[in-house]
Amino acid sequence: MSITVPEYGFPASYNENSIMLLVRDPHCIFAYWEICNEQMDLVAGEFGRPWGEIPLTLRIYDLTGLGQDRDKAHGSYDLTVHSLANNYYIPDVMANHSYCVDLGVISPEGRFICLLRSDVIQTPRDSLADGSGLVMADLLDRLSGNKAADIAADRKTFSSDGVYINSANIEGEDD
Amino acid sequence: MLKGYLALVLHAHLPYIRHPEKENYLEEKWFFEALTETYIPLIRVFDSLLDDGVDFRVTVSLSPPLISMMADDLLRKRYLMHVDRLIELAGKETRRTEGTEFAPAAHMYLKRFQEIRDIFVNRYGTNLLQAFKKFRDRGCVELITSCATHGFLPLMKRKESIRAQVAVAVDLFTRHFGSPPRGIWLPECGYTPGIDEILKAYGLQFFFTDTHGIMFATPCPVHGIYAPLYTPGGVAAFGRDPETSRQVWDMNQGYPGDYWYREFYRDIGYDLDIDYIGPYVGENHLRIDTGIKYYRITGKTDRKEVYDPAVAAERAAEHAGNFMFNREKQVENLVSRMDRLPIIVSTYDAELFGHWWYEGPEWINFLLRKLHYDQDTVKTITPWEYLNLYPTNQVASLPMASWGHKGYNEVWLSPPNDWIYRHLHKAETRMTEMAQANPDAEGLRKRALNQMARELLLAQSSDWAFIMKMKTAVGYAEKRTKDHIARFSRLYWAVTNNDLNEEEISVLEYVDNIFPDIDYRIYQPAVPTVVSLSRRGQGTPRKGKKVLMLSWEFPPKTVGGLARHVYDLSRALAAQGEEIHVITCYVPGSPDYERVDGVHVYRVEPRQCDTGNFLKWVECLNTAMVERAHGLVREHGFDLIHAHDWLVAQAAKELKGRYRIPLVSTIHATEYGRNRGIHNDIQRHINQVEWELTYESWEVICCSKYMASELAQVFQLPAEKIRIIANGVEIRNVQPRAVDPGFRNRYAAPYEKMVYFIGRLVAEKGVQVLIKAVPKILQNFPDTKFVISGKGPYQDHLEKLAARLGVSEKVYFTGFADDETRNLLFAGSDIAVFPSLYEPFGIVALEAMATRVPVIVSETGGLAEVIEHGVDGLKVFPGDTDGLAGAVISLLEDPALAHRISQAAWDKVNAIYNWGVIAAETVNVYNEIVSEAKKVGYAAG
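For the record, the sequence lines run as chains G and B.
Under my numbering, the first residue of the first sequence is numbered 1, with each subsequent residue one higher.
Under my numbering, the first residue of the second sequence is numbered 1, with each subsequent residue one higher.
Simulated from the structure, these hints should not be mistaken for lab results.
Among the clues, some could well be false.
As the list claims (entries may be wrong) - Restricting the straight-line Cα-Cα distance to at most 30 angstroms, the calculated cross-link-like pairs of lysine-lysine (BS3-like) are: (1) G:72 - B:159; (2) B:616 - B:705; (3) B:616 - B:557; (4) B:379 - B:22; (5) B:379 - B:200; (6) B:157 - G:72.
Given the sequences, and given the hints that come with them, work out the whole structure.
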């Protein structure tokens, strides 16, 4: 069979307002965004300058342990980004923290005007946690799979469906 | 006495690569090589162990793309051809190497390939899945799955997408192996909290993570990586043991680097004469690996010694012994510190064994035999058996982690590949919306939705991002990502606008045929949330604008570049959701109405027309177009009319006036520019019509700044009425093409550099400037050939000029060259030169850039705008002979510069002159006009 595969143009953009955060690693977050043309025109009109000359501000909030409310953030700081950029690698964030970002512009009076608002994301931890809150349990679902191996249940430790809680740390658990 | 367990885990995966549209697709060979070097040798090892009664356990994850490729009829047939050719080559090799030191290895290959063929054809009837099913049923291999297309889960946006990657994989596995898998290999060991709940919902009881995925869990793991953890969702996580990884993986200290093992990088595909090896390498004699390699690693030297299979096998046995000894010591050490017997989890990419480390499968063979016969301290085990032995484990929250470089997401999220996520995420969102909006689609609509799911899944393969990062087959990976996203996007709009075309969907189903049983409803939100998604005014998917496009030519009718332009533009617009109706001229044999990739095409015939008079004919064509348009306007109510060039001006003007639909036009060239002025009545008439078209248009689109200034000058158009949108290039040659030396030899000697020109042979193309520069170039580089393609009235003059300068022997006129010849000539030449005196756009320069040949252009018109001097090409002044000679010499002198320039040019062609970008800019112009027209009350009805 001889066929011709149609070639469609690859979409360049979606002309919408959106921002997304992705964790690159415990110390770096990648942000990408898109601002629709109407929004750009509106801002450019307000500022009386072409969009390309208005710097953007990324405001980064530390919301570790706090939910979504930016007003309660532990703190925030700003990064300046060129308005023709559509992504940024936010460096030097901390492991095991929660962040969110507002992308906006600073008005001539110095006020921050938010254009896009991201969800909250969490960086992974990059070091050992402590051993407190140790929980042991049997969570195995024996009915799954085609045949459960008929190996005798563990003789040494815990009851098969009980949950055993031990707040001691590693040393206490070793023997 | 038994002191611990070893879980050997092999992850087998290749991206889904299957190109029914073409024989000998280079990238399909990845699969064939892996079958010959890894998968079939592993099957051979497992079979021999079973035959000999060796008790062993291995965990193998077969990724769904790999399962699908192993099951695919076309690929099975192609592999058989591949292996037959390999046997033929190996046979030739035994004769060629007879009596030399290479003979033992040559015989080993022949025997090995014959054995591979025998296993494939006779033992398993070309269906290798039967082998894995057998091993699974016998209980020695724990067969598990991976994600549907090996998507990297931590970088996905929506839970529905992760769920689909898991659900489709489990379903495919169950269909092939009779019962669901008990565990999963998360692609690249990519884990992020929340995934565990999805795994649990699909019956998956365990997965693997890298060492730090366990070590950095909260609370910290009591037994480190030597016992599994349960995630809060109740799935067991096994951590990779770094010591065993290092021993096998590390290319310097690890076993595979042993000097007696086979050297991967010395393949006869590169080493032997091309006339001999030609039939067994890539198209056009592109040199690639054949799989026959005669040297051993030898040491850190380029002087490699001959490979001795017998000695290499001894080394594999020694290394297996060493590995076993180390595991005995390791478990003895661990067992005293634990409340249970430790499990050492050794995870590897299956392709390491055989493909990279040729002796790897034999090493596994020796290892499993030794573990069975020689000791009783360590036993092999599967994760499932271990869990049944020790069902109570610590519960902890695992952090995000992967086994990629640096342990997180950087390999798949960095400047070479980060651009893909905005598209993948958008597609994820659209897919979910679509699944929710179409709870019970039937027929064609259902097929379109299912195909959307396939395209999204294929676009998500982690392989593409990985390849972009590793800079290996970047062109292919980018093409795959873009193709699947573009197809997805086209289908999305087809479903949204209810614009479904059976033939088009059939082609896509045929080309991207993975997961025949997929059901798009897996993308439905788990909790059917509120009627939802009215955020940002997107409650109902935005409908595209309806545009009536007028063009006198459209394929198959092609006179000039216009047809191609309208064809590519209209399809790209349709793929972005605009509804495009093209009225064009009748062609015998073509239907009056057809759908071309979502574009409505109507062909009309000028009636009662005296064909002798072109202007009269144009008038009749316009009348016919207007007649056809009446019904269409009533039926569709267009938002906009888009006219291309003066030939359709009359119809455009009439329809605009009658229905008050705003008009936009694209002017590709002007009569004034074509003739360098207006010299007669016909030209004056056309010029007048062109002026009228621009006058009636809301905005005028042209392709370059140069054209914009010409329009402003000739038609007195105000600047704010002109929009510049560059023309596009279809990049069909994504691979740097290797050119058959035989082909090139017809044009230039192998030692000669080749400078290439293609274009009409008329004065304004400036070939005379190039020929005048030839003597000076030859002074510096006597071995240079100048190849000129094209026909034209000026040819005679040019040939005489070359003769007069005494360089006839060095200047070769090829006559007309078709597209294929032209592309090969571009690819085979060292420099392409376009010395035009006048050139409104110069698409040919872009086409040269797309074949990755460095270009020199003259600083005129559109050509000048395409190139940034010294960055992605060189520019010289029009007519400047010395300047042109200097530019050619500078590129011949400095190959590094030439390479840098051609690379930058390729990037530019990819990024800017791409129909998707052009369509998006065109949509912006449409939006602008429609909203302005609305503002001033100019609109239909």
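Holds or violated: residue 72 of chain G to residue 159 of chain B, with C-alpha atoms at most 30 angstroms apart: 28 angstroms, holds
Would the pair residue 379 of chain B and residue 200 of chain B pass a check requiring their Cα atoms to be no farther apart than 30 angstroms? Distance ~28 angstroms between residue 379 of chain B and residue 200 of chain B Cα, so the pair holds.
Can the restraint linking residue 616 of chain B and residue 557 of chain B be considered satisfied, given a maximum Cα separation of 30 angstroms? Holds, at roughly 19 angstroms.
Residue 157 of chain B and residue 72 of chain G: Cα distance at most 30 angstroms? 26 angstroms, holds
30 angstroms limit on alpha-carbon distance, applied to hinted pair residue 616 of chain B and residue 705 of chain B: 33 angstroms, violated
Does the alpha-carbon distance linking residue 379 of chain B and residue 22 of chain B stay inside the 30 angstroms limit? Not OK: residue 379 of chain B and residue 22 of chain B at ~48 angstroms, beyond 30 angstroms, violated.
Of the numbered hints stated above, those contradicted by the structure are hints 2 and 4, listed in ascending order.
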